[in-house]
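From first to last, the protein sequence lines are chains A and B.
Numbering-wise (my numbering), the first sequence opens with residue 1 and increments by one.
Numbering-wise (my numbering), the second sequence opens with residue 1 and increments by one.
By construction, these hints were calculated from the structure, which means they are not laboratory data.
Just so you know, not all the hints are guaranteed correct.
Copies of the same chain look alike in the list, so a pair counts if it works inside one copy or between any two.
No more than 20 Å apart at the CA atoms, straight line, and that leaves these computed lysine to any residue pairs for SDA-like [stated by the list, open to error]:
hint, residue 1, residue 2
1, Lys21, Lys133
2, Lys21, Gly86
3, Lys97, Ser18
4, Lys108, Glu35
5, Lys68, Asn104
6, Lys133, Glu35
7, Lys4, Gly50
8, Lys97, Glu24
9, Lys97, Glu17
10, Lys26, Asn104
Number of protein chains: 2
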Amino acid sequence: MKIKHIEHIGIAVRSLESAIKLYESKLGLKCYAIEEVPDQKVRTAFFMAGQTKIELLESTDPEGPIGKFLEKKGEGVHHIAFATEGLQENLDELSQKGIRLIDNNPRKGAEGLNIAFLHPRDTMGVLTELCEKPE
Amino acid sequence: MKIKHIEHIGIAVRSLESAIKLYESKLGLKCYAIEEVPDQKVRTAFFMAGQTKIELLESTDPEGPIGKFLEKKGEGVHHIAFATEGLQENLDELSQKGIRLIDNNPRKGAEGLNIAFLHPRDTMGVLTELCEKPE
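Here chain A stands alone, though its shape is the one from the complex:
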């Protein structure tokens, strides 16, 4: 498989409002979209830093994945997403090479991308997402 660039970094935050304030008024980045992803039980805010998006993730349900992450680990980096092409082929290749997959097949993520997660136990503790633009 070939990684093109880092598509985004997902950061779990307790308050999207406070986090947007930090990124805009202190770090000087501009929030260009806020999107709710009911499937993932999150509200997200997006910023561009060069090629890479910063995706702030606020939980909308304590039982959702970000709610549980915040409860267990507190605020911080939740996942890294790589931009690739041929997502299904990449997943099949990684699986054959012994990487456990959270998603065996691509599904829809934020911003209409096809996405899939790899298991952090096989990626040095880093929850890793692969993304591709739909055709």
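Add chain B to chain A, keeping to what the hints say.
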């Protein structure tokens, strides 16, 4: 301040050798440098993913920052570094805006960059580094 792009993502790993194997033979990235930073008590391996480097960090001393991080949190993302210009001015500006600094003045980091860390308590739990190329 202005963030140009994400300079690198620092990932704490227990074994640089195993982690390099994952990134090269499974994720398809190429390690282009291995560097020991005695000051930080780490050995690092670098990969390019588009504009952004992945910096794998193996501790050389359990009492060093990565040794302590691994002990407390296990493997995972340790910090995010933003590429900027005018590092000292940025630090002064952030300090005035209430962000606590770990480094009040730039110091030398890996690959000869001038670097400084912000305190994660003021950056939503994300240990954040600012970098600039020396003139």
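Against the structure, the hints come out as follows:
For the identical chains of this complex, lysine 21 and lysine 133 are neighbours neither inside a copy (29 Å) nor across copies (28 Å), given an alpha-carbon limit of 20 Å. In the homo-oligomer, the alpha carbons of lysine 21 and glycine 86 never lie at most 20 Å apart, since the shortest distance is 37 Å inside one protomer and 22 Å across protomers. For the homomeric pair lysine 97 and serine 18, the shortest alpha-carbon distance between copies (14 Å) is at most 20 Å, but the shortest distance inside one copy (41 Å) is not. In the homo-oligomer, the alpha carbons of lysine 108 and glutamate 35 lie at most 20 Å apart inside one protomer (14 Å), although the nearest pairing across protomers, at 39 Å, exceeds that limit.
Within a single copy, lysine 68 and asparagine 104 get their C-alpha atoms no closer than 23 Å, and across copies no closer than 35 Å, so neither meets the 20 Å cut-off. In this homomeric assembly, lysine 133 and glutamate 35 come within 20 Å of each other (Cα to Cα) only inside a single copy, at 18 Å, whereas the closest approach across copies is 35 Å. Taking the shortest alpha-carbon separations for lysine 4 and glycine 50, both the intra-copy value of 14 Å and the inter-copy value of 6 Å come in at or below 20 Å. With identical chains, the CA atoms of lysine 97 and glutamate 24 are at most 20 Å apart between copies only, with a shortest distance of 12 Å across copies and 41 Å within one.
Taking the shortest Cα distances, lysine 97 and glutamate 17 sit within 20 Å of each other only across copies (17 Å), while inside one copy they are farther apart (41 Å). Taking the shortest Cα distances, lysine 26 and asparagine 104 sit within 20 Å of each other only across copies (16 Å), while inside one copy they are farther apart (40 Å).
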